[in-house]
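4 protein chains.
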Amino acid sequence: MSSSLGTLFRVSTFGESHGIGVGAIVDGCPAGLQLSEADIQPQLDRRRPGQSDLTTPREEADRVTILSGVENGLTLGTPIGLLVHNKDQRPGDYDEMDQVPRPSHADFTYQTKYGTRASSGGGRSSARETIGRVAAGAIAEKILRERWGVEIVAWVSSIGAEKAAGINSDLVSRAQVDATLSRCPDQASAVRMEALVREVLAAKDSIGGVVSCVCRNVPPGWGEPVFDKLEAMLAQAMLSLPATKGFEIGSGFAGTELRGSRHNDPFVQKGARLGTVTNNAGGTLGGISSGEPVLFRVAFKPVATIGQPQQTVGFDGKPVTLEAKGRHDPCVVPRAVPIVESMAALALIDLALRQKLWE
Amino acid sequence: MSSSLGTLFRVSTFGESHGIGVGAIVDGCPAGLQLSEADIQPQLDRRRPGQSDLTTPREEADRVTILSGVENGLTLGTPIGLLVHNKDQRPGDYDEMDQVPRPSHADFTYQTKYGTRASSGGGRSSARETIGRVAAGAIAEKILRERWGVEIVAWVSSIGAEKAAGINSDLVSRAQVDATLSRCPDQASAVRMEALVREVLAAKDSIGGVVSCVCRNVPPGWGEPVFDKLEAMLAQAMLSLPATKGFEIGSGFAGTELRGSRHNDPFVQKGARLGTVTNNAGGTLGGISSGEPVLFRVAFKPVATIGQPQQTVGFDGKPVTLEAKGRHDPCVVPRAVPIVESMAALALIDLALRQKLWE
Amino acid sequence: MSSSLGTLFRVSTFGESHGIGVGAIVDGCPAGLQLSEADIQPQLDRRRPGQSDLTTPREEADRVTILSGVENGLTLGTPIGLLVHNKDQRPGDYDEMDQVPRPSHADFTYQTKYGTRASSGGGRSSARETIGRVAAGAIAEKILRERWGVEIVAWVSSIGAEKAAGINSDLVSRAQVDATLSRCPDQASAVRMEALVREVLAAKDSIGGVVSCVCRNVPPGWGEPVFDKLEAMLAQAMLSLPATKGFEIGSGFAGTELRGSRHNDPFVQKGARLGTVTNNAGGTLGGISSGEPVLFRVAFKPVATIGQPQQTVGFDGKPVTLEAKGRHDPCVVPRAVPIVESMAALALIDLALRQKLWE
Amino acid sequence: MSSSLGTLFRVSTFGESHGIGVGAIVDGCPAGLQLSEADIQPQLDRRRPGQSDLTTPREEADRVTILSGVENGLTLGTPIGLLVHNKDQRPGDYDEMDQVPRPSHADFTYQTKYGTRASSGGGRSSARETIGRVAAGAIAEKILRERWGVEIVAWVSSIGAEKAAGINSDLVSRAQVDATLSRCPDQASAVRMEALVREVLAAKDSIGGVVSCVCRNVPPGWGEPVFDKLEAMLAQAMLSLPATKGFEIGSGFAGTELRGSRHNDPFVQKGARLGTVTNNAGGTLGGISSGEPVLFRVAFKPVATIGQPQQTVGFDGKPVTLEAKGRHDPCVVPRAVPIVESMAALALIDLALRQKLWE
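Residue numbers (the numbering used here), protein chains in the order written: chain A, 2 to 360; chain B, 2 to 360; chain C, 2 to 360; chain D, 2 to 360.
FYI, nobody ran anything at the bench for these hints, they're computed from the structure.
Careful, some of the hints might be misleading.
No copy is singled out in the list; a pair is fine if it fits within one copy or between any two copies.
To be verified - For lysine to aspartate or glutamate, the following DMTMM-like pairs were computed, each having C-alpha atoms within a straight-line distance of at most 25 Å:
(1) 357 / 147
(2) 271 / 317
(3) 88 / 72
(4) 271 / 324
(5) 319 / 147
(6) 88 / 38
One chain only, chain A, in its complex shape (with noise of 0.2 Å):
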C-alpha cells in the first residue's frame, strides 16, 4: 500500500468504503492560508453520488472536518487532518462477493496481493478512496488560484462514442460544465451523451468516457526533469485514480500521425513574454511547463459492476451467475470531473513549490 503523494505537499490518504470514516493528512501545506470546511466541501459536493438521475442513489453528506493545522481561520504551516465519516459502515449488499471476485474489480488482486480484503465494498479500491483526494486537492487548488491564477477546468469530453464539439479551452467555465448533468459543457452533445446513459442505464448496462481538463494560468518553469516532469506527474496522478485506462498531453496519441513541421509549435511574442502559435505539445516542454494552459484527457473504463448477469468463477474456480444487487453508477465520468481537477492540483501544487527553489 502506498497512500502518499507529493514530495513538499504531502497527501496520505486512509479510509475504506465501509469505515468509519476516510480522509486525509495534507503535509507541507503553508502557512497564513485562509482555510475553511467551506473551502473544500463544494469539490466535494460535486463528486457526491446522488446528484441526480444519471448516478448511483447512494447518499452521503460526505461533511469534511478539519482535524487539525488550522487555528482561527488560518493554516498553522502544520499538517491539516481531513476526515469524512461514512454513513453507511456495514451494508448487506455485498454478501455474495466474499466467495467470487467480481469482474474487472480489484476483489482478485487484493484478495491476492493481502491475503484479505475489505469485506464489502471494494476498500481502499472503492470511489469512495477519493474523497481523500479531493478534499487534499480543494486545499492545493485554493494556493495555486491565490498565488499564481491558476484555474484549473475539467469537462466530459465523451460518452461511449458520443464526442463533445465546440468546447473552448481558454473559455470554458465550472458554471458551464454544471450546466449539465452529464458535465458536458456543450449543450447538444451534453444532451447525445446523457441519452446514451439513460439507454445504458435501462440495459443494466455501463459506459466509459473521457474527462478532458485544462490549467490555465500555470507560469513557465513547474516541472521537474527527468523523472518528475510536468506530464509524468500528471499522468501518474490520473492513473492512479480507480477506472482510469488512459492519459494524453496535448496533441497526445492523435499527435504520432502529425509531421514534425505541422505538430511544431512556433514561438511568438504575447505580451511580456514568449509563447506558442500553437499548443500540440499541451502545455510543456522538456517537462517543464512553457506558460502555456496544459491541456490533457483521462480515460475511463465503463463501470465494472453491472445488473445484466455475467458469467465468471469463484476463488474456487468454480463456475458461477454474477448479478449485481441495488443500483450502481452506469456512468462515473460525470462524477470523475471534480476527482481529475482534484488530482491535477496535487501534482500542480508539489511541482509549484519544488520550483520555488529556484526563485
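For this one, chain A is given, so just place chains B, C and D on it according to the hints.
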C-alpha cells in the same frame, strides 16, 4: 531537477549530451546477481543511433563501464555505478541556437526554469539522457527474467498513420522485432512504415508513432495502491521519456467506447490460478497485477528537429527563420523500443521488491 | 513541516495540543495482523500525564480510535488511521505568551519560520504531538514482537545527577520499570530520583535526565548502509523527540576514551550463530544489527516551563518577567520511557521490512 | 543499501574501497553556481590519508573529476556527477580475512545481510566511502557560505581522555584547526593529544575521540518538525558515518544534570533580531534553527583495526588469532574533521532549501 526513480530499486541518472559522460547509479540491486557489462551492452546497442539509414548517423560506441557494486562478476548489494563516456564533447553545430529557442524543444523552458542551459545539444533534455535509464533497466530486466521469468517485449505499432496489424502479444519476440529496421514485427506493416520514414526524411520532415509493450509472466500482486498502482508507475515512467505524449493500458482510450458487459473480463480457471477470459484490463485490477500480460502503448510525437525552415522568434522576441543543420532522426520510434522496455523494467522491479514484503 | 517517517512502514502524524485531536496514519502495515485499540492503548496510558504526583495533573483520557485499515480485528494492509481527541481544546492559561516567546520553547522559531503559530500550548512542539508516534509505535512493536520476538524496554537511567546502578539490560522488564514512579527499575536509585524530582518541584524548577533502551532479539541484518544505518535511524528518531539533546549507542561518548584493544568485541560462537563476547558496539556493526542487543541512551534536557520568574524579552525586544501559571511536569523523563520505546519500534520495523527484501 | 540522503539537495554515493572508484551524484544543486574541481579538492585533501605520521600512509591522490552538471564553470541545475578513481584496486593484504570476520568491523554483518561482501578492504563500510560525501559536502558548503554566510568549522575536542580546553566556538577557524596535526586548535591540548596518539601507535593499538562542530550564521527557520528537525537530521548524518557512537547538541548529556532555571536560554535583543543570552540549546528550538550558532559533538570509537593479536573466531566458529598486517590509522579523529563538516553541510543545505518554500 529530479533524476531519481524508485523506492527500493532506486536509479539516479546523470549526464548531459555533450559533457564527459552519462550514466546512472542503481541503489537497491540485490546481492549475488551475476552481472557484467555484457548484460547491459545489448540494450544500449539497440538504442544507439546510427543503426540504419532510418536514424541519425551520429555514431557513438556507447560502451558502458561498471564503476562499483560488482566484484568477481557478482553484485555486492551496494550501489552499482554505470558510466558511458560521450564521444563528441562539444560540437559546433548548435551555435545559432543560443539565441533562439528551438520550437517544441526544451531550450525555452530550461532557460526559463534554470536561468541557464547546456550550450549545445539539449543537455538533459537530449535523448542521450536515456542511456542511464537503459543501462539501469537492463539490470532490472535481468532480475525480473531470472527470478520471475518476466519477459518484456516492445515493438513499433504505428508510425504516422501506418498501423501494424496481426501482432500476437502473447508470442512476439525481440528477435522478430529486430528483424525489421522499423522494429515492427509485422513484415508487411514494416515495409509501409519504412517507406513512410524515407519519404518524411526526403521531405526534411519528421513523423511520430506508437510503441506497444507487453510484459509477460508478471505474477499477480505487483502494484501499490492507491498512488503507486502498477499502471500509475508505468504512466509516470513512460511520460518521463522525451517526446512522449500519451500512455494507455489495456483497452485504453478505445475502451471508453465500450459497455461494461462487453469490457468486463470474466474470470476463468487457468491451470493452478484464476485468469481472465479477455484482457481489456491490460493485466492490472485496482492497480495490482492480475497475472495476465501487462499491455500498454506509448505515444511519441514527431521529432522536433527538422531540416525545413521554421518561422519562430528568438529569446528577444524578434522573428527568425530556423533551419536545422546536420542530419537528424526523422523518427525516434524504432530506437524508443529498448527505452520503453527499460522503463517498464524499472517500474516493475521496484513494485516487485515492494511486493516481496508481503510474501 | 515534515511529519512522515519511514520508507516502508510509514507514519504520518498530525494534530496540535489544543485542536480537535491528534493522531497518525500508518501506511505499510502488513495485512492479517490481529489489531484492536486494546493493543495500542497501554502505551498511550503509560505516556499519559497525571499518572503520579511527579507529573502534570492535566488529565486526558487519551482514548485511541482506529479509523480505518482494520476489519473484523485484522489489518487489511491498507492505511491505519488513528485518532485521539483532545479534551481541552482551548484553555486560557497561555494568553500572555502571545507576545512573549517562552525561553527554550519553540514559540520563537515557529513564529519566525511560519509567520504564525498555534495560539496556545505549543501546537506541534507540544509533548502532546508524541501521541501519534506512540500509537503507531505500539503497532510496530506488536509486529516486531510477534514475528521476530523483539523485546524493547526503556527505563530512566538518570535524573539530574542521580544515576541508576545495577540494571541488567539483558533481563530488565517493563513490569520492573513501571514498579517505580520514576520508571527507574533499580529501587534504591528510584527513591533518590523521586526525592530529587520532588525537591525540584518544590523549587518550581525542572530537571533533565537520561532514558536508556534495549532492543533484544533483533536479528542480524537490519540497517541500510550507508545513510540509513540502524544507529542513524535511531538517532534521527530520538533527536526528533521534543527536549532531546543527545543520543549514544553502545559505548557512546565514554567509549571514545578506550583503546581499540579494549573496545573491540571479539566474536565467539553462541549457539547456532556468531555473537560477540562484549557489546561495546551496542548491537550494530557497520550500521547493521549484529544479533547482539541494541543498546542506546537518550538525553532529555530539563523541562523549559518552570514556575520561577524568568527575565527575558518579548517579540518586541522589551524586557519582561515571565512566570508560568498552572502546574507543569518538573521532569518528563519517566513519561518519555514509552515514547522512546515507540520511536525505537518505528525505526526497527522500517529496517526490518527493508531487510525482508534480502531474505 | 540506502546510499541517498536529502529531500531537495539529494546526494547518492557509490563505490567500494577497492574498485574502479568512489563518488557521488548531487541532484538538486541550484543552477548558476560557479563550480569547479578546485572548489571540491581542498576538503578531499583534508580527509586524505597520509597527511602526517599520525595517520595511515596509504597515499592516494584522490583527485575528483566532475562528470556532469557543470558547463563553462557554472552549474546547470542538473545532476552533478563526481568521481574519484581508486589507486589500489586490489591489494593482497586482506586475504586471511575472508574466513574471519574482523572484530568490530562490518565483515560479519555485511556477510550476514547480503550473503557476500567485498573481498578486501571493507567495501562500502570502509572510510573510503566517505569520499563521495566530502565531495558533495564541499558543494553544499559553498552554497551555504556564498548565499547565507554560513561558516562550518569542526575540530578535535578530545582524543582518548585528553580533552581540549579554551576553544572559543564563536571564533575558531579552519586555519587554526589545521595548524596542528591533531586538528585540535588549542596548541597545548594538541601536544598532549599527539603524544597520546604516538604512544597508542607504538603499542599497536588505537584510540577514539570526539569531534566538535560549530555552524555559524545559520539563519533562524531551518529545520522541519516533527521528524526532520535540524538536530534529527544532524544526528542521522553523523551516526551514518563509520565509527561514530554518539551525537549531542548544545548542552547534550551534561545538560541533563542541570535544572531548567539554569538551562533555559533567556531571549535578548541582538541587533535587529532576538537572540539568546546563553546557548544551551545549541542553536535550535523545537527542531528549528534559532539564529544562534549550531553546536554539536560527535563521538568516534577507537579504530577497530589494530596491530595487536586478537582472539576471535572465524565464520566457522573456530578460534583464531588475528593480527592486522600493514599499518593503519591509530586514530581517525583528525581526519574525521572535514567529514563531519561535510555531513553538517549536507544536512543544512537540504533544510535551507526546504525553508525557502516559506520565504
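Now the hints, each set against the structure:
Within a single copy, residue 357 and residue 147 get their C-alpha atoms as close as 16 Å, and across copies as close as 19 Å, so both meet the 25 Å cut-off. Taking identical chains as interchangeable, the C-alpha atoms of residue 271 and residue 317 lie at most 25 Å apart only when they sit on different chains, with a minimum of 12 Å there against 64 Å within one chain. For the homomeric pair residue 88 and residue 72, the shortest alpha-carbon distance between copies (17 Å) is at most 25 Å, but the shortest distance inside one copy (27 Å) is not. For the identical chains of this complex, residue 271 and residue 324 are inter-copy neighbours only, at 23 Å across copies versus 58 Å inside a copy, given an alpha-carbon limit of 25 Å.
Taking CA atoms no more than 25 Å apart as the test, residue 319 paired with residue 147 passes in neither setting, with 57 Å inside one copy and 33 Å between copies. For the identical chains of this complex, residue 88 and residue 38 are neighbours both inside a copy (19 Å) and across copies (22 Å), given an alpha-carbon limit of 25 Å.
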